[in-house]
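Chemist: Heads up: the protein sequence lines correspond to chains V and E, in order.
Using my numbering, the first residue of the first sequence is number 1, and each one after it goes up by one.
Using my numbering, the first residue of the second sequence is number 1, and each one after it goes up by one.
Derived from the structure by calculation, the hints contain no laboratory data.
This structure is a prediction, so every number in the text was calculated from the model and none was measured.
A portion of the hints provided could be inaccurate.
Unchecked claim - Part of the chain V face toward chain E, derived, beta carbon under 7 Å:
id	residue
1	F33
2	V52
3	Y64
Claimed, not checked - Part of the chain E face toward chain V, derived, beta carbon under 10 Å:
id	residue
4	G41
5	L62
6	I110
Cβ atoms here follow ideal geometry from the backbone N, Cα and C, with glycine treated the same way.
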Amino acid sequence: DVKVTQSSRYLVKRTGEKVFLECVQDMDHENMFWYRQDPGLGLRLIYFSYDVKMKEKGDIPEGYSVSREKKERFSLILESASTNQTSMYLCASSVYGTGVQPQHFGDGTRLSIL
Amino acid sequence: KQEVTQIPAALSVPEGENLVLNCSFTDSAIYNLQWFRQDPGKGLTSLLLIQSSQREQTSGRLNASLDKSSGRSTLYIAASQPGDSATYLCALDSGGGADGLTFGKGTHLIIQP
């Protein structure tokens, strides 16, 4: 079974802090994704990566950056956390291309910015 | 830009009933459509994936259909059980797996014992 592991289930940080959310997958998937989920807005794509050191902006990249130094690990960085970044963050991975394989999701990190 | 709508937003039915969840989308140029389940406070579990060339997929008591020409998909759940209570999300892959999914806002399903 594919396993996508997010390092924290719950995280509380303060406004202005630099925050790192970590995600690791164990199936050698090329693609990795970061989404955020908010009530009434659903899931929205923040950033994605289709290879090591490659990154692409999703629909809502403002205030975030990402890092992918190794194939199995994809980090989401909040450069200077703000209260409007309080949300549920979900990481996913998938096999590159073809569109015949599903995305696999981690359990999520519920982040609160105070 | 792809838009995905799920109706109803919430549904409560007695145990044992068969039920249908609906998903509609605006752009038929898709690679696949996926149905996910999300339990409270948890991540997403993939239930079924229908490729654009397929009309339906089945897994146990679940059956998902896809009609690209009308921009619709349905998830049929047979003989519902309390353990089926969850939020069900429909998502479309328009980029061949290379650029993320577009999600509906989900249907919150409650199965009454």
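Chemist: If you check each hint against the structure, which ones fail?
Modeler: Numbers 2, 3, 5, 6 - these are the hints that the structure violates, sorted from lowest upward.
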